[in-house]
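Engineer: Going by my numbering, 90 is the number at position 81 of the sequence shown; the sequence numbering is gapless.
These are computed hints drawn from the structure, not numbers from a lab.
Do not take every clue at face value.
Computed Cβ-Cβ distance ranges for the label pairs, DEER-style [as the list claims (entries may be wrong)]: (1) 56 to 145: 45 to 55 Å; (2) 68 to 37: 34 to 44 Å; (3) 30 to 134: 21 to 31 Å.
EDC-like mimics (lysine to aspartate or glutamate), calculated; alpha carbons at most 16 Å apart, straight line [as the list claims (entries may be wrong)]: (4) 124 to 142; (5) 124 to 92; (6) 115 to 74; (7) 144 to 45; (8) 109 to 45; (9) 109 to 79; (10) 115 to 79.
Note that this is a predicted model, so its numbers are computed, not measured.
Glycine included, C-beta positions come from ideal geometry on N, C-alpha and C.
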Amino acid sequence: KLNKNLFDYETIFNDEYNLDWPYSEAGQNYFKRIIEDGITLVAELENQIVGYIAVSIYTNVCRAENPIAEIDNMFINENHRGEGLGKTLIESAQKIAKEKGAKRMKVEAVAQNGKAINFYRACGFSDFDVTLEKKLNAPA
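The whole structure should be built from the sequences, with the hints applied where relevant.
Structural biologist: Shown next, in the form of structure tokens:
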């Protein structure tokens, strides 16, 4: 449900997300893989899950330092942002990733989501790659 909330939130910035994906077979298989092979943590308050982080760990043969831990998804319910839950999730995921042998951690954010980018920078992430996209079916 929180991943669906994440997708719904990110539609503020663009309409590129398949909002049905979290409930699809592919989405469910993705989360099963992350839970089994990666890192999945939840933030819980008063017996209610209010946020989560999903991290995959993989080897990128083009990179010198491997494996890499990548934050695939992270979401905190809007009414609990600013309470330190996101920072705690990242710090906990980093600790586990290091224990699993990861040498680096990375995260991508929608370019228009300045709050998320600033949050990740405040957590110690720095600019590394820039991804540019172009719609190929758009009118010229």
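Engineer: Next step is simple, just say for each hint if it's right about the structure.
Structural biologist: Status of the hints after comparison with the structure:
Remark: the range hint 45 to 55 Å for residue 56 to residue 145 is upheld by a beta-carbon distance near 47 Å. About 25 Å separates the C-beta atoms of residue 68 and residue 37, a value inconsistent with the hinted range of 34 to 44 Å. With their beta carbons about 25 Å apart, residue 30 and residue 134 fall inside the hinted range of 21 to 31 Å. A threshold of 16 Å between alpha carbons decides the hint, and for residue 124 with residue 142 the separation of about 21 Å lies outside it, so the pair is violated.
Taking the CA atoms of residue 124 and residue 92, the gap is about 14 Å. The hint holds against a cut of 16 Å. Distance restraint check for residue 115 and residue 74: the Cα-Cα separation of roughly 12 Å lies within the 16 Å cut-off, and the hinted pair is therefore satisfied. Restraint check for residue 144 and residue 45: not satisfied, since their Cα atoms lie roughly 35 Å apart, outside the 16 Å limit. Taking the CA atoms of residue 109 and residue 45, the gap is near 13 Å; set against the 16 Å cutoff, the hint holds.
Restraint check: the Cα-Cα separation between residue 109 and residue 79 comes to about 13 Å, which is no more than 16 Å; the hinted pair holds. Between residue 115 and residue 79 the alpha-carbon distance is near 5 Å, which keeps this suggested pair within the 16 Å criterion.
Comparing the model with each numbered hint stated earlier shows that hints 2, 4, 7 do not hold.
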